[in-house]
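S.K.: The primary structure of each chain is shown beneath.
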Amino acid sequence: MQSQMGAVEPLAIPSASGSSTGRRLRKAFRLVRGYPLGALGLAVVLLMFLVAIFAPLIATHPVDQGSGDAILLPPSGEHFFGTDEYGRDVFSRVVYGARVSLYIGFGSVAVGMVAALLLGMISAYAGGFVDTVFQRFIDAAMAFPPLVFLLVLASVFGSGVWQLILALGILGAFRNTRVIRAAVLSVASTQYVEAARVLGASNTRILLRHVLPNIFGPTMVVATVWLGVAIISESSLSYLGLGIQPPTPSWGRMLSDLRPFMLQVPAVVMFPGIAIAVTVFAFNVLGDALRDILDPRMRGAR
Amino acid sequence: MHKLLLQRLLLLIPTLLLVSIAVFGMVRAVPGDVISILLAEQKLAGNEREELAAKLGLDKPIVIQYVDWVSGVVRGDLGESLFTGHPVREDISEKFKVTAFLAILATIISLVIAIPIGAIAALRQGSILDYFSRSFALLGISLPNFWVGVAIIMYGSLWFRYAPPLRYASVESDPLLLARQLFLPALVLGWSMAGVVMRMVRTALLEVLRDDYIRTARAKGLRERVILWRHAMKNAMIPVITISGIQLAALFGGTVVIESVFNIPGVGRLLVESVALRDYPVVQGIALVMTVLVLLVNLAVDISYRYLDPRIRLS
Numbered sequence: 080m081q082s083q084m085g086a087v088e089p090l091a092i093p094s095a096s097g098s099s100t101g102r103r104l105r106k107a108f109r110l111v112r113g114y115p116l117g118a119l120g121l122a123v124v125l126l127m128f129l130v131a132i133f134a135p136l137i138a139t140h141p142v143d144q145g146s147g148d149a150i151l152l153p154p155s156g157e158h159f160f161g162t163d164e165y166g167r168d169v170f171s172r173v174v175y176g177a178r179v180s181l182y183i184g185f186g187s188v189a190v191g192m193v194a195a196l197l198l199g200m201i202s203a204y205a206g207g208f209v210d211t212v213f214q215r216f217i218d219a220a221m222a223f224p225p226l227v228f229l230l231v232l233a234s235v236f237g238s239g240v241w242q243l244i245l246a247l248g249i250l251g252a253f254r255n256t257r258v259i260r261a262a263v264l265s266v267a268s269t270q271y272v273e274a275a276r277v278l279g280a281s282n283t284r285i286l287l288r289h290v291l292p293n294i295f296g297p298t299m300v301v302a303t304v305w306l307g308v309a310i311i312s313e314s315s316l317s318y319l320g321l322g323i324q325p326p327t328p329s330w331g332r333m334l335s336d337l338r339p340f341m342l343q344v345p346a347v348v349m350f351p352g353i354a355i356a357v358t359v360f361a362f363n364v365l366g367d368a369l370r371d372i373l374d375p376r377m378r379g380a381r
Numbered sequence: 325m326h327k328l329l330l331q332r333l334l335l336l337i338p339t340l341l342l343v344s345i346a347v348f349g350m351v352r353a354v355p356g357d358v359i360s361i362l363l364a365e366q367k368l369a370g371n372e373r374e375e376l377a378a379k380l381g382l383d384k385p386i387v388i389q390y391v392d393w394v395s396g397v398v399r400g401d402l403g404e405s406l407f408t409g410h411p412v413r414e415d416i417s418e419k420f421k422v423t424a425f426l427a428i429l430a431t432i433i434s435l436v437i438a439i440p441i442g443a444i445a446a447l448r449q450g451s452i453l454d455y456f457s458r459s460f461a462l463l464g465i466s467l468p469n470f471w472v473g474v475a476i477i478m479y480g481s482l483w484f485r486y487a488p489p490l491r492y493a494s495v496e497s498d499p500l501l502l503a504r505q506l507f508l509p510a511l512v513l514g515w516s517m518a519g520v521v522m523r524m525v526r527t528a529l530l531e532v533l534r535d536d537y538i539r540t541a542r543a544k545g546l547r548e549r550v551i552l553w554r555h556a557m558k559n560a561m562i563p564v565i566t567i568s569g570i571q572l573a574a575l576f577g578g579t580v581v582i583e584s585v586f587n588i589p590g591v592g593r594l595l596v597e598s599v600a601l602r603d604y605p606v607v608q609g610i611a612l613v614m615t616v617l618v619l620l621v622n623l624a625v626d627i628s629y630r631y632l633d634p635r636i637r638l639s
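If you're matching them up, the sequences are chains A and B in order.
Adding 79 to a residue's 1-based position in the first sequence gives its number in the numbering used here.
Adding 324 to a residue's 1-based position in the second sequence gives its number in the numbering used here.
Simulated from the structure, these hints should not be mistaken for laboratory data.
Check the hints yourself; a few may be wrong.
Chain A regions said to be covered by chain B (calculated; three or more residues, Cβ under 8 Å) [as the list claims (entries may be wrong)]: (1) 257-266; (2) 309-323; (3) 359-369.
Backbone N, C-alpha and C fix where the C-beta goes; we use that ideal spot for every residue, glycine too.
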């Protein structure tokens, strides 16, 4: 696809104006044309960020205060998304829920990626005995049923936002270390790393200055996909009664709590689900686009 | 080949040891103990605590308990449920069959959805059909399973008079009926897996289509359809099989939510119940068997990979 090739060859079209803003705009435009789904995903993610940041301004009602005469109302001009079984405004709760979901998503990815990078780099770079031991450990961790892990962790540490971030982060680290390790191994065997070593660079320097920047691609791809997994996992745990505890408005919790009223107020039950679906979908298509852009093997395919 | 298989099997031993320690330790880290739950249930006086602990073998030092358990496991004995007194092995083997049946059905459905969509995404890159079908596959990952399941049951009962069966057929007596009963839950799971498989089909196909032998096939005038199905697909399927195998393995522990939505008597529900009851031997047994299944499926995938791809086999 031509537009796709253009995306990675910024010099293909000679710049008439030469101004860097104009060039950047054109580059952005080519990116949107080449990856419309990815651009859509990016837009949705940015929108969710804005919603989360400005939640107090966007919300129309208090989050955890309902009124007795507004129970399970369908969507209306007063309550955009209707009200729940306690008479709380679902729109405001969905808006605040964006904060919780993004906290959980980004928090667990941050924890998971830092740990995965450390483990992956150490394992790949140390090699030999350390690598073998690490890999057996990862084998065990990856084969271990994730739900048992989450069930136990939720029972031991309770189920606040931070506990969930930690649990999902550790899980993410286990699952993604291998990808990072493979990426480090392939970078470590390149000539520029060899050159750096010949020049007398220390291991730390090589890892930080040469390896880390070059495994950015796979790391980003894994991270965006894991963001979606984390948000979905929160809702599954809520269904099993182990998610975020009330009164914190999380999408998964809301969806799970509103479940019995699906026939009564079908429209209201849709909204937290739509919020989850749209956000996770956005992270997924964004991850796919990043994969295409960052994976050199896919460049200009067909 | 045999040497490799043996080597891989031997490597499973340390992994399994680690897992057994993790399982054993984690179950006991859960606050609240089984004896209190048992006593509360039987409304017995507190002074029978020691007696009960002794009867269940919970008064021994933890290391001894672990060694007892592992030496039982090695002989194929997973212990007895602390609540029912039934042998764990019997209790979980029936439920594992149902879960495995569901998982395999879901994997087949995911392939049926993902392969055509992946092929379209690779061949008609950038077309409306590409974006539409890819979005459909990715939507599957983006929707919480339980929500789709609950919606199917609710609206199914309203519009199509569908209700999840009260009793599921057993795997041995009537597998066809069971397959029909499990179709909808498997569809929900399969759809949620399809996105990942579709990605792999697309990537693999794009990579294969740039290979020299495809150019050769085109140059000698083969029809596109023959090139795609006889030449490209065959090789593109190798990584797809890998990812499907990994997903199938992950599903042995990932059907919990859908099992409770559709009331399926699988191992996932038993697991959640047993964690709540602190029924240590049952949780340990299920977690261990799940792990072994994952490890074995991964091994099978690895071996089949070598078998399917002559480049790996011969090198």
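S.K.: All hints are to be evaluated individually against the structure, with a verdict given for each.
M.R.: Against the structure, the hints come out as follows:
1. A stretch counts as covered by a chain when three or more of its residues have a beta carbon under 8 Å from one of that chain; for the stretch 257-266 of chain A and chain B the count is 0, and the coverage is violated.
2. For the stretch 309-323 of chain A, the stated coverage by chain B holds: 5 residues have a C-beta nearer than 8 Å to a C-beta of that chain, and at least 3 were required.
3. Coverage of the stretch 359-369 of chain A by chain B holds. Counting CB-CB distances below 8 Å, 5 residues qualify, and the rule asks for three or more.
Hint 1 alone, counting from the list given before, is not met by this structure.
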